[in-house]
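*Asks:* Sequence:
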Amino acid sequence: MEYNFQEIEAKWQKIWKEKKVYKTEIDPQKPKYYVLDMFPYPSGAGLHVGHPLGYIASDIYSRFKRQKGFNVLHPMGYDAFGLPAEQYAIQTGQHPAITTEKNVNRYREQLDKIGFSYDWDREFRTCDPDYYKWTQWTFIQLFNSYYDNSADKAMPISALVEHFSKNGSEDLNVACSEEIFFTAEEWNAADEKRQQEILMNYRLAYLADTWVNWCPELGTVLANDEVVNGLSVRGGFPVERKLMRQWILRVSAYAERLLKGLDKVEWTDSLKEIQRNWIGRSEGAAVWFPLAKVDAEAPDWKDVYMGQWEGVQNEPAFEIFTTRPDTIYGVTFMVLCPEHEMISAITTPEQKAEVEEYVTWAKNRSERERQAEVKKVSGVFTGAFAVNPISGENIPIWVSDYVLSDYGTGAIMAVPAHDSRDFAFAKHFNLPILQVVAPSLDEVSDPETWTESLDSKTGVCVNSDFINGMDVKSAGKAIINKINEMGIGYGTVNYRLRDAIFSRQRYWGEPFPIYYKDGMPYTIPVDELPVELPEVDKFQPTETGEPPLARAKDWTYKGYQKEYNTMPGFAGSSGYYLRYMDPHNDKEYFSKEANQYWRNVDLYVGGAEHATGHLIYSRFWNKFLFDIGLSCEEEPFHKLINQGMIQGRSNFVYRIVGTNKYVSAGLKKDYEVTPIHADINIVHNDVLDIDAFRKWMPEFEDAEFILEDGKYICGWEVEKMSKSKYNVQNPDDLVEKYGADTLRMYEMFLGPVEMAKPWDTNGIEGVFRFIKKFWRLFHNAEGEWIVNDDEPTRAEYKTLHKTIKKIEEDNEKFSFNTAVSAFMICANELADAKCNKRKILEPLCILISAYAPHVAEELWSLLGHTDSIVNASFPVYDESYMQESDFTYPVSFNGKMRLKMTFPVTYTLKEIEPILMADEGVQKWLDGKTPKKIIVVPKRIINIVL
RNA sequence: GCGGAUGUGGCGUAAUGGUAGCCGCGCCAGACUUAGGAUCUGGUGGCGAGAGCCGUGGGGGUUCGAGUCCCCCCAUCCGCACCA
60 MEYNFQEIEA
70 KWQKIWKEKK
80 VYKTEIDPQK
90 PKYYVLDMFP
100 YPSGAGLHVG
110 HPLGYIASDI
120 YSRFKRQKGF
130 NVLHPMGYDA
140 FGLPAEQYAI
150 QTGQHPAITT
160 EKNVNRYREQ
170 LDKIGFSYDW
180 DREFRTCDPD
190 YYKWTQWTFI
200 QLFNSYYDNS
210 ADKAMPISAL
220 VEHFSKNGSE
230 DLNVACSEEI
240 FFTAEEWNAA
250 DEKRQQEILM
260 NYRLAYLADT
270 WVNWCPELGT
280 VLANDEVVNG
290 LSVRGGFPVE
300 RKLMRQWILR
310 VSAYAERLLK
320 GLDKVEWTDS
330 LKEIQRNWIG
340 RSEGAAVWFP
350 LAKVDAEAPD
360 WKDVYMGQWE
370 GVQNEPAFEI
380 FTTRPDTIYG
390 VTFMVLCPEH
400 EMISAITTPE
410 QKAEVEEYVT
420 WAKNRSERER
430 QAEVKKVSGV
440 FTGAFAVNPI
450 SGENIPIWVS
460 DYVLSDYGTG
470 AIMAVPAHDS
480 RDFAFAKHFN
490 LPILQVVAPS
500 LDEVSDPETW
510 TESLDSKTGV
520 CVNSDFINGM
530 DVKSAGKAII
540 NKINEMGIGY
550 GTVNYRLRDA
560 IFSRQRYWGE
570 PFPIYYKDGM
580 PYTIPVDELP
590 VELPEVDKFQ
600 PTETGEPPLA
610 RAKDWTYKGY
620 QKEYNTMPGF
630 AGSSGYYLRY
640 MDPHNDKEYF
650 SKEANQYWRN
660 VDLYVGGAEH
670 ATGHLIYSRF
680 WNKFLFDIGL
690 SCEEEPFHKL
700 INQGMIQGRS
710 NFVYRIVGTN
720 KYVSAGLKKD
730 YEVTPIHADI
740 NIVHNDVLDI
750 DAFRKWMPEF
760 EDAEFILEDG
770 KYICGWEVEK
780 MSKSKYNVQN
790 PDDLVEKYGA
800 DTLRMYEMFL
810 GPVEMAKPWD
820 TNGIEGVFRF
830 IKKFWRLFHN
840 AEGEWIVNDD
850 EPTRAEYKTL
860 HKTIKKIEED
870 NEKFSFNTAV
880 SAFMICANEL
890 ADAKCNKRKI
900 LEPLCILISA
910 YAPHVAEELW
920 SLLGHTDSIV
930 NASFPVYDES
940 YMQESDFTYP
950 VSFNGKMRLK
960 MTFPVTYTLK
970 EIEPILMADE
980 GVQKWLDGKT
990 PKKIIVVPKR
1000 IINIVL
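Numbering (my numbering), first residue to last: 60 to 1005.
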């Protein structure tokens, strides 16, 4: 039989499907292994070429683990809620569910063609009500929980209510939006609404007015990770800042655990670093600065602006965060962010107009404008002064947008001598600069002569009273002790990680299980979930600017209005890996039994672009479920591999300016040319198919060519893959041309999975040849079966076992590219030996079945097996075939290889030396000299040092 | 600016501190073919006629021995970025 990949692949794909070969069930007799791909968003463009790379790698690993006796869970599904389907719906009026269904089917078709071992019985989509029921359920649990910092875990809100009724806000160490203080009496006397308002300050899913990234073009709010350089990730539209009432997840409560957990997982260092930076832990101090000359009896000042730490209790004051308490004597001014609530209260009448103008200007600036003009210094003096609580000096308070509202407290102490931004600000507004850190006590210089702030990471304090001469680290500790004593501050930790805004003003997302009574949100009982997405006449916001769900008829619960917002894209993808464990359970998210067995994902494969989004949210989600006793593992993804980004490899033809003549790449330097993208599908190994090019577009019909060596060679460049660059490679075309097995092996052969690389089909022929060669080990030129039962030679066994060892090692370390090379070497050796013996070829089939499952399955059945090769065991490596009696050593002189000599492997230096010294060749290289030393590394090298 | 990664033939890449360039593409030569984008064989880092010399971004160092370990520099890519 000929190697007909189309027939073979279609045949086995059908059989696998019919027999449910990849169906997985809990099997307590076997160890589990959970391999997961980041499930795709089914876009209209179909499975893009970057996807299969990771999928193939994980599929090979799944199949390998199965062969090694593991019960492997390898599911797939779809992240189906999202903006593109909805944008399309707005344009065409077609319901996003229909678009999604269509795209999902297309994805499935493409995936099936590549021969993956997914258990499709576990498939679900995040837009299935059966699934998002549990997304909503988790939201309710978050709503009903708060974070206890002492216990370091989430707790039911009822415990908090109990605490309030007994102790008020006394002795509370919990995550909250702002510190509020009340007594048990005040709590018990408060009405329902007031109590709900207070609780909102602590819930893990809470509703609050917040500055958001508002994208007018998309008509929705976006999370921080969905905005890059002031533009939306989806669509690239400008993003503004806006104050809106939104659902927010208190992710920040988990900042420390998210950080610490990174030490327990096997992720790449770079990915861990990205997460660490995103979490952005900084140690420092919170310090209260009292205000100078403010009428504390004025009505504006009641409660809100009073200091809330014992040293400044009932005194007008504000809190700042600093990582450098040791520089506190160098503070020459304070800066508030333009959103700071205190501004209007402290501004003096003379400065009022100017401050208001500045604040209005700053607030209306888009995020993009602000970021583009980071270098520009702007700000305004409030007329007010604060008192440096340590030095007692009066210092002016300014407002500037270089202080951010959502980091720290939105207020800073400025130390211009040692901070570049404070320095620029001081220079611009002519504020004093005072050096407080120097290499040593007598190396103080004149700040007037400086052009930039002084580095202060090391050195000693100067001009700093009682900390003078102390090194900066101990000085920091001394100041923290001091402010502690004074009751005006404390050492603390700040995180860059912010709470995640969870509301989207869109249609195509999970509805919130929330209704409003008396302006406060209440959850819909869990036994009434899911709250299904309602039908609407249009997918746009209403005329009054309400989200699309406001269009739904009777969007109420027991007469109360339900939430109009929907959840963001990451809601559904945050806990999906857990649902695969028990996807059809309609009583629970997943059963305890399933979770106890499958636990967490052992191997997770996907792109690094999710580092600050999905991979943070998922970890948060899982940790929360862990806290409430659902998930039995604290980290969801034990080992994570990022497949490298696939770039495009574009081809170019070079048109001679002003003509319709094209010159081959090697000759283009002699002409003035314009490079033009040529479709990579009409270029093979950089050689242009001239006829196809002429037919490609009318303007090329009469093209003339200047060839080199009779060929037109195209130039190439690595660029982003895009339609307009004609460099998009569709996996389907390659499957059609070479078959899935070749595609799978070729993608692995390209290079290490983690490495970014251009998509380049030059070289796929080599893998295709290998598969054909492999097939010919079993068949003769006429296509007849030639496998026999002869006993293999020792050399043949050696080839086999060498390969078994290599493949096993490479599989374990995800070095699939070198494994493919090993298969090629093995096939070459067997072909050379004309080895067509069953005892060699049968185990080889098992080895290769993870990479090329179709051809392996076909040969397996031709070998007479009736069970699928999927259930075969990985062959056992036998060391005894590797043993050699002799080893040919490279003999080096001073590290330079000069000759080769063979010795029994058991020989040591003692036995080797006399033979070595007697050798003629060695004598020649010694040239009469006596060796200083001879080094023998068994089975490696002999080095003679002169 | 801060953090991370990478740098080896014409190309993709490979080398537990031990013969640098395995495997493949491409290229060259040959065999079989009416033909080949089929198959097979041999060659293919640079310089040199040769013995040999030089070669892993550049410069130092550790070592009997460095692509690999350490220090400095350069280049490219990625992430964060007024984060106090």
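Any given hint could be a false lead.
Between beta-carbon pairs, the in silico distance windows are [to be verified]:
{"no.": "1", "residue 1": "E979", "residue 2": "D322", "range": "43 to 53 Å"}
{"no.": "2", "residue 1": "E432", "residue 2": "G954", "range": "53 to 63 Å"}
{"no.": "3", "residue 1": "K434", "residue 2": "S217", "range": "28 to 38 Å"}
{"no.": "4", "residue 1": "Q150", "residue 2": "T517", "range": "54 to 64 Å"}
{"no.": "5", "residue 1": "N789", "residue 2": "K79", "range": "23 to 33 Å"}
Simulated from the structure, these hints should not be mistaken for lab results.
Even glycine gets a Cβ: it sits at the ideal position worked out from N, Cα and C.
*Asks:* Hint by hint, note whether the structure agrees.
*Replies:* Status of each hint after checking the structure:
1. E979 to D322: 43 to 53 Å: violated (60 Å)
2. E432 to G954: 53 to 63 Å: holds (59 Å)
3. K434 to S217: 28 to 38 Å: Violated, at about 51 Å.
4. Q150 to T517: 54 to 64 Å: For Q150 and T517 the Cβ distance comes to about 59 Å; the hint holds.
5. N789 to K79: 23 to 33 Å: Hint holds: Cβ distance 29 Å, inside 23 to 33 Å.
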